[in-house]
Every structure is written in structure tokens, then in C-alpha cells.
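Asker: Once you have looked at the hints, place chain C on chain U.
Spelled out, the chains give:
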Amino acid sequence: MLSESDLSRYERQIMLDGIGIKGQEKLKSSKVLVAGVGGLGSPAAYYLTAAGIGTIGLADFDEVSLSNLNRQILHATNDIGRFKIDSAAEKLSSLNPDVQINKHCIKLTYENIADTVKNYDVIIDAVDNFETRFLINDSCYFLQKPVIEGAVCGFEGLLMTIVPGKTPCYRCLYPDLPKEKSFKGIIGTTAGVIGSLQAFEAVKLLLGIGEPLFGRLLIFDGLNSSFRVIDWSKKRSCPLCGENATIKNPAKY
Amino acid sequence: MIVKINGKEENIEKGMTLLSLLDFKRVNPNSVVIEHNYEIPEREKWGEILVNDGDNIEIVKFMGGG
Chain U
13 MLSESDLSRY ERQIMLDGIG IKGQEKLKSS KVLVAGVGGL GSPAAYYLTA AGIGTIGLAD
73 FDEVSLSNLN RQILHATNDI GRFKIDSAAE KLSSLNPDVQ INKHCIKLTY ENIADTVKNY
133 DVIIDAVDNF ETRFLINDSC YFLQKPVIEG AVCGFEGLLM TIVPGKTPCY RCLYPDLPKE
193 KSFKGIIGTT AGVIGSLQAF EAVKLLLGIG EPLFGRLLIF DGLNSSFRVI DWSKKRSCPL
253 CGENATIKNP AKY
Chain C
-10 MIVKINGKEE NIEKGMTLLS LLDFKRVNPN SVVIEHNYEI PEREKWGEIL VNDGDNIEIV
50 KFMGGG
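Protein chains in written order, with the working numbering: chain U, 13 to 265; chain C, -10 to 55.
In isolation and in its complexed conformation, chain U is listed as follows (with noise of 0.2 Å):
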């Protein structure tokens, strides 16, 4: 399966133990969506194609402006106007051509979810709003369909990996909308940190190795150099997952 240019660009990560020839064959076989390719989708977009995922959805309706530009780093300043996916497919094609890359130009929403994500065995959560959040992840939830979820906000960030009857859910810590608009602040080291480490656990997933963070939350504050790892269990009365889960359809804000 493996070509003789695949054993070489890969070989520092096929000598390590946990993927040797097989785990990389299984990485050039799996398909990864990465939804959103601003702060976090970059990162972890790049990281992928390094790592020879064969196949990565890049899901986004945005154009790039300068703005973006501190911390999304898949795009540069010539790029300023063009759609984010045309941009970031470009960069990560130079990079590594032999990662197939789809290109899903669309504002995700309750109507396109489904088919947009059924191909692909892990979704990258890479999207800068609640409402895409919810549906996201209530529609991985009943396709049964693993969840990589940052989320960044100034010097910090979270994660979590999420699959759907294993771990508790994206609701079981928020269970809704939150009543206040967020802080949009970010510095975009922030986004580096937490998007390179939704990749790391997207690798982890995939290849069956380590400890991805199930039902741990891991919490990055930047300012003060620190990871905290904290144990996060299901939520009984959790409206998607719970006991008496009402939730039935995902999410339509």
C-alpha cells in the first residue's frame, strides 16, 4: 500500500512504536473532515496532511480577510478575499500531494450536516460559534461519528474527544446556548496549541493508540503555561445522552 516515497516522507513517524507500516497504511486510508479552517482548523488541517491522512475534508464558506490573519495560518496576506478552503486546499496540496483533499464550500448547516459528514470516520470541530457547535455535534451524535472538540478563546483553549455512546457528549458539558455572546480576543498561539492538539488526538483515534481524552476535558491556560486535565463524566440529565434525552433531532438554532 505504501509507496516507496510514502516510506520515506513518513519514515520518522513509521519508526515510532504505535505506527510502524500498518499505522501509517491505516492513516493514508482514513478520512478526516476538518469543519472550519480558521485559528484551529489551520493547525490541525497542516498537521493531517503531514501526517498522511489520505483523505481531508475541508469545510468552510469564508473568505480571508487581514483580520484573520493572527492566528489563521493556512492563509497569507495574498490570499485576503479568496475562500478559506481554496486558500488552505492550495497550501496543504503543496505540501503533501498525495493527501486527497475535498473541498465543501458551505455554511454547515441542519440541511447538508449529514451527508456532509457521513464519509468520514473523525470530525476535526474547528468552527468559531455555538450554533455550528450544537449541530455538529448533536449530528455526530446520531450518526455515531467521533468528535474532536476545541475551542479557544484569548490565552486559553479546551478539548475533549467525543464519541457518541463511549463518552459523554458535547452536552453534557454545555447543555445549551450560553446566554452571553463570547469574547472574540484571541492571540493566535492559543489556536496553534489546541488545533495541533486536535490532530494529535485525531492521529490517536484513528491508529487505536494512547489515551485520547475520553470523558477528560483538558483545559490550556497560555498565560500561565498550563494543561489541566480534568475527569468529566456523562450527565445524567444531559438533554442528548441522558436518561431522558429530549432531544431527538439536531440542533436548529
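Hints may be right or wrong, so weigh each one.
Calculated lysine to any residue pairs in the SDA-like style (CA-CA distance at most 25 Å, straight line) [stated by the list, open to error]:
(1) K50/C x L229/U
(2) K196/U x E37/C
(3) K40/U x P109/U
(4) K216/U x T121/U
(5) K(-3)/C x L219/U
(6) K50/C x G254/U
(7) K(-7)/C x F167/U
(8) K50/C x L107/U
(9) K40/U x L229/U
(10) K50/C x G(-4)/C
(11) K14/C x R240/U
(12) K(-7)/C x F239/U
(13) K193/U x K(-7)/C
(14) K191/U x M(-10)/C
(15) K50/C x P190/U
(16) K264/U x G(-4)/C
(17) K196/U x K(-7)/C
(18) K246/U x L39/C
(19) K(-7)/C x V241/U
(20) K38/U x G222/U
(21) K260/U x K(-3)/C
(22) K191/U x E37/C
(23) K14/C x Y186/U
(24) K50/C x G234/U
(25) K14/C x L219/U
(26) K(-7)/C x D233/U
(27) K(-7)/C x N26/C
(28) K191/U x R32/C
(29) K191/U x E(-1)/C
(30) K193/U x N(-5)/C
(31) K196/U x D12/C
(32) K40/U x S20/U
(33) K34/C x P187/U
(34) K(-7)/C x N236/U
(35) K196/U x L81/U
(36) K191/U x V49/C
(37) K193/U x L107/U
In short, the hints are calculated from the structure, not lab data.
Answerer: Chain C only, in chain U's frame:
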């Protein structure tokens, strides 16, 4: 009494509820979720749940940026 808040032991007064603890910590309740002794209580009950000596409390911010 001593409680653990976000991994750090803190000395707080007796008789606080989760909601008054947030007020004491100057945290806007609408900006966070709480885990209390590894369970996730309903937001509506934060004003009734008393904090006891030795409790483990995690206050997690709403974060949704990407």
C-alpha cells in the same frame, strides 16, 4: 473550610451555594459551567446546592472560538 476549585485548594466561608461561590469569585454565572464532585448539576439548582468541606469544584468557561 477547604474546597478544591479548579485544582487549587481554597479556604472559603461555610454556607455558600455554588451560585454564591461564583459571586464570591466574581465569575459571571452565564459565562461558565460547573462540575461539582464529578457531577454536573443543573444550572437552575446552583442557588440551592451547598458547598461542603472537601468538595471538588470545577468552573469551566464557555469557550466557542475557533
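Asker: Hints first: check each against the structure and report whether it holds.
Answerer: Hints and how they fare:
A threshold of 25 Å between alpha carbons decides the hint, and for K50/C with L229/U the separation of about 12 Å falls inside it, so the pair holds. Among the hinted pairs, K196/U with E37/C is inconsistent with the structure: their alpha-carbon atoms are about 32 Å apart, more than 25 Å. With a C-alpha separation of about 13 Å, the suggested pair K40/U and P109/U falls inside the 25 Å cut-off, and the hint holds. Of the supplied pair hints, the one linking K216/U and T121/U is violated, its CA atoms being roughly 29 Å apart against a limit of 25 Å.
The straight-line distance between the Cα atoms of K(-3)/C and L219/U is roughly 35 Å, outside the 25 Å bound, and the hint therefore fails. With a CA separation close to 22 Å, the supplied pair K50/C and G254/U stays within the 25 Å bound. Distance hint between K(-7)/C and F167/U is fulfilled; the C-alpha atoms sit about 23 Å from each other, no more than 25 Å. Our distance criterion of 25 Å between C-alpha atoms is broken by K50/C and L107/U, whose separation comes to about 36 Å.
For the suggested pair K40/U and L229/U, the alpha carbons sit about 29 Å apart, so the restraint of at most 25 Å is broken. Restraint check for K50/C and G(-4)/C: the C-alpha separation of about 15 Å stays at or below 25 Å, so the hint holds. Restraint check for K14/C and R240/U: the C-alpha separation of about 19 Å stays at or below 25 Å, so the hint holds. For a cut-off of 25 Å, the pair hint linking K(-7)/C to F239/U stands: about 17 Å separates their Cα positions.
With a C-alpha separation of about 29 Å, the suggested pair K193/U and K(-7)/C falls outside the 25 Å cut-off, and the hint is violated. Simply put, K191/U and M(-10)/C have alpha-carbon atoms about 32 Å apart, too far for the 25 Å limit, and the pair is violated. Of the supplied pair hints, the one linking K50/C and P190/U holds, its CA atoms being roughly 10 Å apart against a limit of 25 Å. At roughly 36 Å between alpha-carbon atoms, K264/U and G(-4)/C are farther apart than 25 Å, so this suggested pair is violated.
Proposed proximity of K196/U and K(-7)/C is contradicted: the alpha carbons are some 30 Å apart, above 25 Å. Under the criterion of a C-alpha separation no larger than 25 Å, the hint pairing K246/U with L39/C is consistent with the structure, at around 22 Å. A C-alpha spacing of about 14 Å is found between K(-7)/C and V241/U, which places the hinted pair at or below 25 Å, so the restraint holds. The suggested pairing of K38/U with G222/U holds, with an alpha-carbon distance near 16 Å, which does not exceed 25 Å.
For the hint pairing K260/U with K(-3)/C, the CA-to-CA distance comes to about 39 Å; that exceeds 25 Å, so the pair is violated. For the proposed pair K191/U and E37/C, the alpha carbon gap of about 21 Å is at most 25 Å, so the pair holds. For a cut-off of 25 Å, the pair hint linking K14/C to Y186/U stands: about 21 Å separates their Cα positions. With a C-alpha separation of about 15 Å, the suggested pairing of K50/C with G234/U holds against the 25 Å cut-off.
Taking the CA atoms of K14/C and L219/U, the gap is about 42 Å. The hint is violated against a cut of 25 Å. A C-alpha spacing of about 18 Å is found between K(-7)/C and D233/U, which places the hinted pair at or below 25 Å, so the restraint holds. Distance check on the hinted pair: K(-7)/C and N26/C sit about 10 Å apart at the alpha-carbon level, within 25 Å; holds. Taking the CA atoms of K191/U and R32/C, the gap is near 12 Å; set against the 25 Å cutoff, the hint holds.
Restraint check for K191/U and E(-1)/C: the C-alpha separation of about 28 Å exceeds 25 Å, so the hint is violated. With a C-alpha separation of about 23 Å, the suggested pairing of K193/U with N(-5)/C holds against the 25 Å cut-off. In summary, the hint linking K196/U to D12/C is supported, as the alpha carbons are separated by about 24 Å, within the 25 Å threshold. This hinted pair checks out: K40/U and S20/U have alpha carbons roughly 14 Å apart, not beyond 25 Å.
The straight-line distance between the Cα atoms of K34/C and P187/U is roughly 14 Å, inside the 25 Å bound, and the hint therefore holds. Pair hint K(-7)/C plus N236/U holds up; C-alpha atoms about 18 Å apart against a cutoff of 25 Å. Note on K196/U and L81/U: the hinted pairing holds, with a Cα-Cα distance of about 15 Å set against a maximum of 25 Å. A C-alpha spacing of about 15 Å is found between K191/U and V49/C, which places the hinted pair at or below 25 Å, so the restraint holds.
A threshold of 25 Å between alpha carbons decides the hint, and for K193/U with L107/U the separation of about 37 Å lies outside it, so the pair is violated.
Consistency with the previously given hints fails for numbers 2, 4, 5, 8, 9, 13, 14, 16, 17, 21, 25, 29 and 37, ordered from lowest to highest.
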